[in-house]
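Protein chains in written order, with the numbering used here: chain C, 3 to 353; chain E, 3 to 353.
This list has only true hints and no planted wrong ones.
Which copy is meant is left open, because identical chains are indistinguishable; a pair holds if it fits in one copy or across any two.
Here are the simulated BS3-like cross-link-like pairs (lysine-lysine), alpha carbons at most 27 Å apart as the crow flies: (1) Lys54 to Lys222; (2) Lys135 to Lys44; (3) Lys313 to Lys334; (4) Lys151 to Lys22; (5) Lys222 to Lys135; (6) Lys222 to Lys313; (7) Lys22 to Lys153; (8) Lys313 to Lys332; (9) Lys44 to Lys54; (10) Lys22 to Lys44.
What the hints contain is simulated information worked out from the structure, not anything from laboratory work.
Protein chains: 2
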Amino acid sequence: MSEPQKIELACPVPIGQYEKIVMAHGGGGRLMQQLIDQVMLKEFDNSVASEKNDSAVVMANNARLAFTTDSYVVNPLFFPGGDIGKMAVCGTLNDLAMSGARPLYLSCGFIIEEGFAIESLQTIVQSMSQQAKAAGVEIVTGDTKVVEKGKGDGIYINTSGIGCLETPLQISPSMIQQGDVVIINGDIGRHGIAIMAARENFKLEQPLESDCADVSGLVKLLLDAGLEIHCMRDLTRGGLVTALVEISATANKHIMLQEAALAVPDTVRSVCELLGLDPCYVANEGRFISVLPAEQAEQALAVMHAHPLGKGAAIIGTVEAANNGLVTMKNKIGTTRILELLSGSQLPRIC
Amino acid sequence: MSEPQKIELACPVPIGQYEKIVMAHGGGGRLMQQLIDQVMLKEFDNSVASEKNDSAVVMANNARLAFTTDSYVVNPLFFPGGDIGKMAVCGTLNDLAMSGARPLYLSCGFIIEEGFAIESLQTIVQSMSQQAKAAGVEIVTGDTKVVEKGKGDGIYINTSGIGCLETPLQISPSMIQQGDVVIINGDIGRHGIAIMAARENFKLEQPLESDCADVSGLVKLLLDAGLEIHCMRDLTRGGLVTALVEISATANKHIMLQEAALAVPDTVRSVCELLGLDPCYVANEGRFISVLPAEQAEQALAVMHAHPLGKGAAIIGTVEAANNGLVTMKNKIGTTRILELLSGSQLPRIC
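Please model the entire structure based on the sequences and the hints provided.
Printed below as a string of structure tokens:
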């Protein structure tokens with residue numbers, strides 16, 4: 003079989019052809035990549051930022067640290083399976099964990115809209131606190147701003163985090179190798195569809211909860227088991243495919259996914275079919291992939307299956323021989339297609 | 003002369019009596035303190051957060067680090083003397099410097115409103131980059147979110163920062179001692195009044211620029227000179243008095259200010275008189291106080307006067323004998339008054 007070739011159907015649009023920010027610039031897809039590359043990274047030209055990992059790995063006083071930031075603008079603020087506070091803590095813990103770091107400290111910055119209910123703020127802060135305590139991290143510094151009614155949307159939260167890198171492994175896209183397997187810790191699409199259903203007041207036959215969770219404890223078990231993890235990535239904005247496309251492009255490797263290995267909850271599948279969405283691009287908040295040598299796959303799966311957040315773990319793909327920077331998916335009848343970044347997102351403001 | 007006594011004219015209102023967030027909750031004054039104490043710190047109960055320093059001092063991998071975060075919602079985004087990008091970098095560098103840390107790394111989180119001009123974003127990002135490069139720090143990690151038109155106000159920026167503490171000094175409010183002097187690096191009120199004039203389209207007789215600047219280089223000179231600095235604080239939201247009231251209350255010391263020693267630019271004074279504002283509560287973005295032993299004051303002033311951001315440095319107060327947690331001001335005719343936190347802020351969204 004001939005190797006798949008990437009055909010550029012459309013030239014990437016230079017950011018200069020957009021005069022104004024559109025929603026898709028925040029969607030996690032191609033337009034966001036262009037904005038980051040052509041506006042942010044063009045100015046912030048340093049080697050750490052250019053790696054575009056979930057966390058930056060930096061040295062401070064001879065300590066190897068991970069440092070990350072995320073702002074959360076999810077709508078609605080409360081949804082089945084979580085709220086913006088739980089997400090803001092879990093998301094940043096997960097970003098630290100994806101670099102192999104043990105999370106230590108978080109900051110929180112609140113931008114609150116005038117008129118926001120203090121009771122809701124209390125609930126959100128309690129969620130943050132519970133989630134941080136469960137992970138053994140401290141929220142050590144913060145900031146609160148208030149903006150006029152109509153200049154926000156209830157509350158936006160930024161969390162930044164510091165973790166320490168105790169593993170000697172260098173975990174990043176460029177480390178993936180031919181013969182590696184791609185393992186996911188569960189099914190896909192719950193968060194994005196749960197958020198959309200809550201936002202649009204869909205009546206789902208079966209209730210669906212977001213998978214929002216802190217996976218740093220599970221990652222610690224994988225590292226403690228001595229597994230030689232080459233790369234990890236959580237599957238948030240843009241979902242599974244966006245994460246893999248970024249990894250394959252950075253590593254210039256070919257990642258082949260097996261469609262049959264992907265678990266998609268029935269409700270997620272039904273809603274996606276109804277609305278023409280692809281669950282492979284739907285955001286998750288408690289799912290991540292790890293890429294590691296095939297000979298360690300069995301051990302990795304055993305560690306995952308023993309943890310509540312890894313019960314659905316499965317091998318979903320492999321790193322192939324070709325250096326083509328592509329992600330392909332082999333479907334159930336054996337044909338293969340190339341997966342690419344979406345232009346924007348299927349669903350805005352899911353995180 | 004009898005010692006000044008604090009008279010509680012009004013009971014502090016428990017946060018529970020407010021059902022909704024009001025603008026004053028973000029103003030830097032008493033209401034914000036109550037929100038932080040009764041909602042945030044009540045949950046995030048750890049010793050580091052409770053210190054309420056500009057930066058948290060934490061240990062990571064045996065390294066002593068400073069960690070801080072701030073969200074910037076200033077309106078307008080561009081103003082004489084700076085823009086939101088310059089502020090977002092300078093403000094976080096200053097917060098790190100106030101703990102005695104040398105700034106190393108910054109993160110940036112953008113929340114951009116749909117329809118925002120990409121050219122403006124480019125200008126803001128360039129400001130951030132220039133300011134970071136001038137300080138020798140790297141912006142190593144970031145995040146971009148886009149919200150619908152009417153759910154933001156152009157752009158909000160969060161910057162978090164990490165610095166390393168190389169000084170053996172412990173710099174915090176609790177370290178101030180009787181006999182210390184309070185030194186400021188320049189005049190007060192420029193930032194707040196420049197922002198208000200720009201926002202309201204005031205025609206000022208003499209143009210006024212914000213004092214927005216990165217003072218971390220000046221702080222480094224003070225530390226390198228071996229000065230035994232007990233406490234530093236930048237004079238942002240709530241201005242000079244708010245910073246000093248927080249310090250005196252934490253340390254339970256009496257700080258006495260000399261009104262005659264405070265430099266207030268003519269334009270700031272005129273606008274304040276016209277509008278009934280007190281320049282001692284107006285925000286600055288490039289001014290800080292340092293508290294250190296009186297016998298080192300001369301040396302500290304010499305270091306400051308030799309630096310562009312310290313030309314106007316002056317001794318403005320002293321730490322007195324009484325353990326009463328008060329700030330008082332002696333005016334030009336010798337009478338003394340107690341200075342307290344405002345309820346909210348005189349000017350919203352100045353940072």
